[in-house]
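Q: Using the numbering used here, the letters of the sequence shown map in sequence onto residues 317 to 385.
Worth flagging that the hints you see were computed from the coordinates, not collected in a lab.
Everything numeric in this text was worked out from a predicted model, so none of it was measured.
One thing to keep in mind: the hints can contain errors.
What the hints assert, rightly or not - With a straight-line cut-off of 25 Å between C-alpha atoms, the simulated SDA-like cross-links for lysine to any residue are:
(1) K362 <-> L337
(2) K318 <-> R340
(3) K322 <-> P357
Unchecked claim - Derived DEER-like restraints, expressed as beta-carbon distance ranges:
(4) E319 <-> R359: 28 to 34 Å
(5) L374 <-> E319: 15 to 21 Å
(6) E319 <-> R358: 19 to 25 Å
Note that CB positions come from ideal geometry on N, CA and C, so glycine has one too.
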Amino acid sequence: MKETLKEILSVNKLELLKKPLTPRETGITLGLNKIQEIIGPRRVGKTSAMILALKELLVIPAWKWLLTT
Numbered sequence: 317m318k319e320t321l322k323e324i325l326s327v328n329k330l331e332l333l334k335k336p337l338t339p340r341e342t343g344i345t346l347g348l349n350k351i352q353e354i355i356g357p358r359r360v361g362k363t364s365a366m367i368l369a370l371k372e373l374l375v376i377p378a379w380k381w382l383l384t385t
């Protein structure tokens, strides 16, 4: 699972991070060690919230270490 996640992130990381997004509170708790579900109607920003959370995670040194190991 970890290897699959690393592969998906490495392939899509550059494309996802190119989108200009307005920083905002996403409601996603980054330090939680559980799966968080994002639900809502179509076109309300669920994917954008995930991309913003990913950008926040990439700033954390431990997350960078996870992607390089």
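Q: Take a look at whether the Cβ-Cβ distance between E319 and R359 falls inside 28 to 34 Å.
A: At roughly 32 Å between Cβ atoms, R359 and E319 fall inside 28 to 34 Å, so the hint holds.
Q: Does the Cβ-Cβ separation between E319 and R358 fall within 19 to 25 Å?
A: The hinted range 19 to 25 Å is violated for E319 and R358, with Cβ atoms some 32 Å apart.
Q: Holds or violated: K318 with R340, Cα cutoff 25 Å?
A: Violated - the C-alpha atoms of R340 and K318 are around 28 Å apart, more than 25 Å.
Q: Do the alpha carbons of K322 and P357 lie within 25 Å of each other, as the hint requires?
A: Given pair K322, P357 is violated - Cα atoms ~29 Å apart, limit 25 Å.
Q: Starting from the hint 15 to 21 Å, judge whether the C-beta atoms of L374 and E319 obey it.
A: Since the Cβ atoms of L374 and E319 sit about 19 Å apart, the hinted range of 15 to 21 Å holds.
Q: Hinted pair, alpha-carbon criterion (25 Å max): K362, L337. Please report holds or violated.
A: Given pair K362, L337 holds - Cα atoms ~13 Å apart, limit 25 Å.
Violated hints, listed in ascending order, are 2, 3 and 6; each of the other numbered hints is respected by the structure.
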